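Protein chains: 4
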Amino acid sequence: MALMTGEQYIESLRKLDTQVYLFGRKEPNWVDHPIIRPSINCVAMTYDLAQDPEHEDLMTATSNLTGRKVNRFAHLHMGPGDLIKKVKMQRLLGRKTASCFQRCVGMDAFNAVFSTTYECDKAHGTNYHENFKNFVIYVQDNDLTVDGAMTDPKGDRGKSQGQQADSDLFVRVVERRPDGIVVRGAKAHQTGSINSHEHLVMPTQAVAEGDADYAVSFAVPSDAPGLFMIYGRQASDTRKLEPGADIDLGNKRFGGQEALVVFDNVFVPNERIFMNGEYDFAGMLVERFAGYHRQSYGGCKVGVGDVIIGAAALAAEYNGASKASHVKDKLIEMTHLNETLYSCGIACSCEGYCTEAGNYQIDLLLANVCKQNVTRFPYEIVRLAEDIAGGLMVTMPSETDFKSDLKVPTPSDLTVGEWCGKFFAGIEGVTTENRMRILRFLENICLGSSAVGYRTESMHGAGSPQAQRIMIARQGDIDGKKQLAKDIAGIKD
Amino acid sequence: MALMTGEQYIESLRKLDTQVYLFGRKEPNWVDHPIIRPSINCVAMTYDLAQDPEHEDLMTATSNLTGRKVNRFAHLHMGPGDLIKKVKMQRLLGRKTASCFQRCVGMDAFNAVFSTTYECDKAHGTNYHENFKNFVIYVQDNDLTVDGAMTDPKGDRGKSQGQQADSDLFVRVVERRPDGIVVRGAKAHQTGSINSHEHLVMPTQAVAEGDADYAVSFAVPSDAPGLFMIYGRQASDTRKLEPGADIDLGNKRFGGQEALVVFDNVFVPNERIFMNGEYDFAGMLVERFAGYHRQSYGGCKVGVGDVIIGAAALAAEYNGASKASHVKDKLIEMTHLNETLYSCGIACSCEGYCTEAGNYQIDLLLANVCKQNVTRFPYEIVRLAEDIAGGLMVTMPSETDFKSDLKVPTPSDLTVGEWCGKFFAGIEGVTTENRMRILRFLENICLGSSAVGYRTESMHGAGSPQAQRIMIARQGDIDGKKQLAKDIAGIKD
Amino acid sequence: MALMTGEQYIESLRKLDTQVYLFGRKEPNWVDHPIIRPSINCVAMTYDLAQDPEHEDLMTATSNLTGRKVNRFAHLHMGPGDLIKKVKMQRLLGRKTASCFQRCVGMDAFNAVFSTTYECDKAHGTNYHENFKNFVIYVQDNDLTVDGAMTDPKGDRGKSQGQQADSDLFVRVVERRPDGIVVRGAKAHQTGSINSHEHLVMPTQAVAEGDADYAVSFAVPSDAPGLFMIYGRQASDTRKLEPGADIDLGNKRFGGQEALVVFDNVFVPNERIFMNGEYDFAGMLVERFAGYHRQSYGGCKVGVGDVIIGAAALAAEYNGASKASHVKDKLIEMTHLNETLYSCGIACSCEGYCTEAGNYQIDLLLANVCKQNVTRFPYEIVRLAEDIAGGLMVTMPSETDFKSDLKVPTPSDLTVGEWCGKFFAGIEGVTTENRMRILRFLENICLGSSAVGYRTESMHGAGSPQAQRIMIARQGDIDGKKQLAKDIAGIKD
Amino acid sequence: MALMTGEQYIESLRKLDTQVYLFGRKEPNWVDHPIIRPSINCVAMTYDLAQDPEHEDLMTATSNLTGRKVNRFAHLHMGPGDLIKKVKMQRLLGRKTASCFQRCVGMDAFNAVFSTTYECDKAHGTNYHENFKNFVIYVQDNDLTVDGAMTDPKGDRGKSQGQQADSDLFVRVVERRPDGIVVRGAKAHQTGSINSHEHLVMPTQAVAEGDADYAVSFAVPSDAPGLFMIYGRQASDTRKLEPGADIDLGNKRFGGQEALVVFDNVFVPNERIFMNGEYDFAGMLVERFAGYHRQSYGGCKVGVGDVIIGAAALAAEYNGASKASHVKDKLIEMTHLNETLYSCGIACSCEGYCTEAGNYQIDLLLANVCKQNVTRFPYEIVRLAEDIAGGLMVTMPSETDFKSDLKVPTPSDLTVGEWCGKFFAGIEGVTTENRMRILRFLENICLGSSAVGYRTESMHGAGSPQAQRIMIARQGDIDGKKQLAKDIAGIKD
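Residue numbers (my numbering), protein chains in the order written: chain A, 9 to 501; chain B, 9 to 501; chain C, 9 to 501; chain D, 9 to 501.
Keep in mind that the hints were calculated from the coordinates and are not lab data.
It is possible that some hints are incorrect.
If chains are identical, the list can't say which one is meant, so a pair holds when it fits in one copy or spans any two.
[Stated by the list, open to error] With a cut-off of at most 30 angstroms between alpha-carbon atoms, the simulated DSS-like pairs for lysine-lysine come out as follows:
no.	residue 1	residue 2
1	Lys-248	Lys-490
2	Lys-500	Lys-490
3	Lys-494	Lys-430
4	Lys-23	Lys-141
5	Lys-430	Lys-331
6	Lys-23	Lys-77
7	Lys-248	Lys-336
8	Lys-415	Lys-500
9	Lys-415	Lys-430
10	Lys-77	Lys-336
11	Lys-430	Lys-336
12	Lys-141	Lys-77
In this text, all values refer to a predicted model and were calculated from it rather than measured experimentally.
Here chain A stands alone, though its shape is the one from the complex (with noise of 0.2 angstroms):
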């Protein structure tokens, strides 16, 4: 079967029954709505670029199971090759969309529940691996995007999963049948969940033996019965709503997604289960999926972070600033970091190792090291932008004030719009309202919808700061050092 496009994507999601609210409301048709379908038009980049023979050696891969072409978002990395085209592929959707592109969730869990199922069979005797691969062919076949669902609302952080006053606030097993199992409970934060055809479910962090049911993993498609979606809200996101705003929104075309996905006993038939109360593969899951998902971020927000740069050159150049001294410094600092931050990316895959299954997970000390930083530059990146910037980013009339033919009343007789396009000039040869072009992206990026994505997410997404100095001080190994130190010193003990 043939890989879809962009328009073929967007189509084969009308064809799904996907429950939305939003704003209180439900939302029947979502794939047109203004501030749903910027995210959707990221995903279905994802599939344009495939079709492109410029960018197909890092869109396509072919498939280890099947022998197939298949997007690389659907791929099992089989190789420290494979890692750094995933990130290499994940930098060029940021340079393209300057937003969160959200197919690699399901990519990321693809690769961890692929080599833990494996492994879980080997110990369990289980036959999740088996179910598992067909899902991947099913999913490579169809050309389907895919919901890495993972992170539960989680309640009160001091308790366990069975503690919570409500059982439902990580997702579980609440019924066991002979044809498959009935689940409950919901995933938070769900990038692109609504744009997703199927769910990809797995448990959030490690699980007890108590907490048995808690340990789950599944797939169902996004219109599976009890399933539905509540969408998040984001900073500015009704400007998109606006009549006629292009300008104002900083980037028009596209956009991230978040969501919250309820799943209130949804039923799961027993081939698509791939975990069912094997609480002892639950860690292992959760930090492999974590692990890939760290490196992504040494890709996806490096490509945000070209435009932003791009976007801070330019928007110095049109306010004549662009020879000062300090303003070249702040873009080699911009671009020093931002390339600090690939750099994790593409060594946490270079060190890649070979799984029991045969895909290849990424090294998780330097993973973990990657998203760290991740949680901190592309702070600094945006503190920066905004100096360059200058102030008027967060200043300047609306777009309609720009556009406007009121005429005020005053001795020159000029409009409102005449007047902003007077006074927000920059230099000459540059209209002003590509000046208020470059400095609504900004905006957007700095504290609008995309900054949502770009600095919220980076912080949070694949897991806090603190998940990842968890994992630094585990993989770091301290005891190997003081040995070293000993030798050194000439410390015998």
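Chains B, C and D: place on chain A using the hints.
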């Protein structure tokens, strides 16, 4: 005349025929406009707190010109004690509003124009100081809010005032009459300009001899003929227009304001002129105003920082993470950074000196150091707040979802609002609503309309970072320090 | 009695029978030992500057106890003005010595013991305050230098005083007699202890009821029977022993000093006891001393910073790089950081408050913030200095090479010294020797003996960073800040 | 010919008539000089590890020129795999020596000269590549250590080579003969030059047409007539001369080395010339060497960092603080920073590309990013190590005190050594000596002779920070990024 209450202040605004344009339209009842009103409420707080005996010592002072009690925002600082109280007053207001309360620019302009006109008169035999004293007495006695208007649009930053393609890109004198002057141009990024009764205009940078028409300072009322404002839009501004909006606003009652103020051939009578071509004093006026205003940030943003720290602590408490050592450490770091800013505000006040005119100027080096830190630390405070808050800050559904009683047709038969309440609950004993409130407050500060005030204004208000660095270089006495090093190192030239 | 000159101070040291051990030997003439003498010269500077009319206002004060003129290092601070002058005096001395001048610990101890004994007497009916006043008058009238001795060796940091394997690891009372007490233990890292006439001993941390013998404060002269010191060695210390050493010392005349002070059953007469078992006041004494001493760093290290900035500027000038924009920017950054420290020193002084005893205590929160910054910024200042200095700072030959007239048998027939002079020349008009001098000064500050004082002492002096963070947490009023956030966010409990 | 052992290497040095000046004297038996020997031991480790089967894969390679097994330090990198192994080999050696092992400069020079001579020959019809291949084969077959000598003294940084007051401040050709050239000048900061068999000289910066005599590259043995070295002194270097010194050295066995290498009219035969006036290739050679050498720091300093982290962990353990959450967090941060550096080293290797000559060049942008981080993170790692170590690191008595059996005449009748042992004890079960050892190791790294290698060399080795920023600016493709921003923001020129 008694000081006004907040309510009286608001009513006084209605009596002005201020011309305000917003979203391409003229807004006749701007005082009650939901987007504008929160910023008015902030200014009103500067009146209300002055009525409160608890805060009287900080909020009011005795005029050196009249001996009458005045709002400190209309006061000339007569010693380091006054300068310090100014900073404490600003911190207080930041704590009460978590916003920019706008009235500082006028206060800072008063003090700068007061001392500069005195020295200008001495050098040029002009009579500006007397003009200005009369203006200050009028403002004090009528308890007015004044926009200290400095920043011109500036066009091409690589060119001086007179080199611009459009001569109006800096405010200038276009006509000199026996009874006054006619001025033309605009002031951009004007904080609280619409909420002000008067505008005290100053040059935006040093002026060379050939550009003497740009060396102009004067005051006009907000409804002077030929003067009008175009409102600057902010991130998430239209949330304030959503029916019943409360939680999603984050800070329902307060907010900041920036506008473009256009002077389309505005007439200024002689008694309101404080500089008219004396280009050799433009630089002094700019430097002194900037000095005071850079001090200000060591108070106001610290007050907002206090609220952010409290909100982050609450967010951690509400989700059961307040005992985590890394959370406690981040709150300490936020406090540390915030108090460092405060220390800079206090220090430049404490080290203030008496001008020839008799009022006190802050220590220029330390005030620039203060503001330089403000261009950095609030960004880190915000980053840490986002870290503690968790991703939900930017992924949760809208207030209308939380309040929706639409039934979701799944087995549990709950409403959208009930599902939201269920899955976004934190610790027991705290309502989900309260958790949402604190997260929306943080969203507003980190990347909503308040981020404009807390972050970008911290960057560019009172001058962008490089402006402070230039002043630090000038004030840093490198030659004196070289001599110290020579003495120690035994170098005799 | 008149204040001593530096020379008189040095002579006064000879009259003491202070027991000093250095490099495993007893050092009878320690006053003239090349390793020790630079640290004595620093203390002497505190005497000499007090004789200088230019600095009299900062260096001296009028005793509140006697009305007589005293060296400010022996003064009790009677208002914020005194606290501010203290900081300025310290900055002055830092500028003159580029070293730790050691006499601050005594001054800080005076002020802490003075107010604590007053409150202790009130609570316990003891008579320590009178004892202490007499001691202060003795010190003031004889213009003595006093070691404020706080830090015990502490052994296992995981255990309290009484739990240690060796009971001597904290100073304690081992015998109580009618006429006094016998104490035992040691104080580590004692700055300037050898150069002091007296030792004012305090507990190092809060004391629990069962450990009351560790709650002890007293004063003894440096040559009290049973008291001796072991000198701490520093990086590059033996360069001072090299014959003819000058340039390679970097700072030939001045330096710091740390020693272990051992109390091997030292008798303390009743009138020199200031705490003897009142464990409930140990914590207050520690907190107050630490507060003053954390303020101190906002003065002394700033003065050293001034010299470093000057030296870096000279190094750049001497190699022709002073015009480079990145060099200028680094000097600005160094100045900015240094003045931020100063601002913290000034602010915690300006915000000082009156104790019950009548002397002034600094603002505890801001003083801890001050010191916390000192644990960071000097490291960055040093890093920037190393950047500007260039690698030659650590790769150049020794002074003996520069001065060597040994002929090198190669075609040019030059001496070793001539070759050095030739190849390490910088710009024309500056001797190679002067270039070397400034680089060796920087080497000394960055990684020589002065680095001990400027870097490591900035880290650990007056308490390691975590000690300040604990205080910031305690003083930060998180609950008050939570309430502010609730008010703004509309949360009513 | 078999690879040498460390011992054979040391013996091979004795056979050279290398002229070494130190402390103003000629040092005939420099191989055994206590200050020099530790640096020789470091280089010897590059030989010994190559004999160790465990490390053979990293330490050796198969020559692309001869097919014979060679030490990797003499290898031309034939693919990204070689580049990555280079970084891993460097990390290994850093872990084993905690010092600069010096042999990298030669390796980096080989690879840069190899590819540059190829392209130069193509452009100019010269025969340098063949010359150079022969030289490499000679080095490989004899397993030699080579000083890659680039940095000239440079004099006045504001002037080019030919503008200097002294023409010798950059190495240049002073005479051209039929059989070769005569060169004159010096190379400063030469790492391991004395310990090298050969010197491979390169220009230090781009050369303009008029300065073509400065465009020269060649190789000469260390004992070539007219060549001599003057040793650079380091912080605390003479501790190595103290009788019985062990603990106080911190790192007794290993250390770095920098020297000035003077070429006083040295003759170079034709077959050893690799550039002779082709000024248009000087820039390429510099850029390529710098690129490789900037990569190197992503390996060697990371290895040293490993030892520092281990030492800090031990220091905390020894004083009972290893459970403190802030200590654990600081170790995590050190690990995080160290692994970020490693990631940059790996990434620029992984992204290497094939030169026209067939060997592999690292990715220039990422290598510069790598080194730029090295100019920052080691300083923060050191700061954190000093924080964890505690003040004792710089205040403890000398080793001779610890070992002294001189009785102190006080009641307890203990020796100086016993007092030291008593009061500097940490947790039970660890000897005071071992605690001292780890603190002295840290002192040596933070501000002793090893600080020269770990800190200052991290700053300036392979080019000072600004050099990397210039390269980052050049390689950052700002124009491409501007276009990305235009595409997203909807800007069509």
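Hints and how they fare:
1. Proximity of Lys-248 to Lys-490 under the C-alpha cut-off of 30 angstroms is restricted to the inter-copy arrangement: shortest distance 25 angstroms between copies versus 56 angstroms within a copy.
2. When the C-alpha separation of Lys-500 and Lys-490 is checked against a cutoff of 30 angstroms, the pair qualifies only within one copy, where the shortest distance is 12 angstroms, while the shortest distance between copies is 49 angstroms.
3. Taking the shortest alpha-carbon separations for Lys-494 and Lys-430, only the inter-copy value of 22 angstroms comes in at or below 30 angstroms, while the best intra-copy value is 70 angstroms.
4. Taking CA atoms no more than 30 angstroms apart as the test, Lys-23 paired with Lys-141 passes inside one copy only; the shortest distance there is 25 angstroms, against 66 angstroms between copies.
5. Taking the shortest alpha-carbon separations for Lys-430 and Lys-331, only the intra-copy value of 24 angstroms comes in at or below 30 angstroms, while the best inter-copy value is 38 angstroms.
6. For a Cα distance limit of 30 angstroms, the shortest separation of Lys-23 from Lys-77 inside one copy, 24 angstroms, qualifies, whereas the shortest one across copies, 64 angstroms, does not.
7. Proximity of Lys-248 to Lys-336 under the C-alpha cut-off of 30 angstroms is found in neither arrangement, the shortest distances being 34 angstroms within a copy and 39 angstroms between copies.
8. For the identical chains of this complex, Lys-415 and Lys-500 are inter-copy neighbours only, at 29 angstroms across copies versus 87 angstroms inside a copy, given an alpha-carbon limit of 30 angstroms.
9. Within a single copy, Lys-415 and Lys-430 get their C-alpha atoms as close as 14 angstroms, which meets the 30 angstroms cut-off; across copies the closest is 52 angstroms, which misses it.
10. Neither within a single protomer nor between protomers do Lys-77 and Lys-336 lie at most 30 angstroms apart by alpha-carbon distance, with minima of 44 angstroms and 47 angstroms respectively.
11. With identical chains, the CA atoms of Lys-430 and Lys-336 are at most 30 angstroms apart within one copy only, with a shortest distance of 28 angstroms there and 37 angstroms across copies.
12. When the C-alpha separation of Lys-141 and Lys-77 is checked against a cutoff of 30 angstroms, the pair qualifies only within one copy, where the shortest distance is 16 angstroms, while the shortest distance between copies is 45 angstroms.
Violated hints, in rising order: 7, 10; the structure is consistent with all others.
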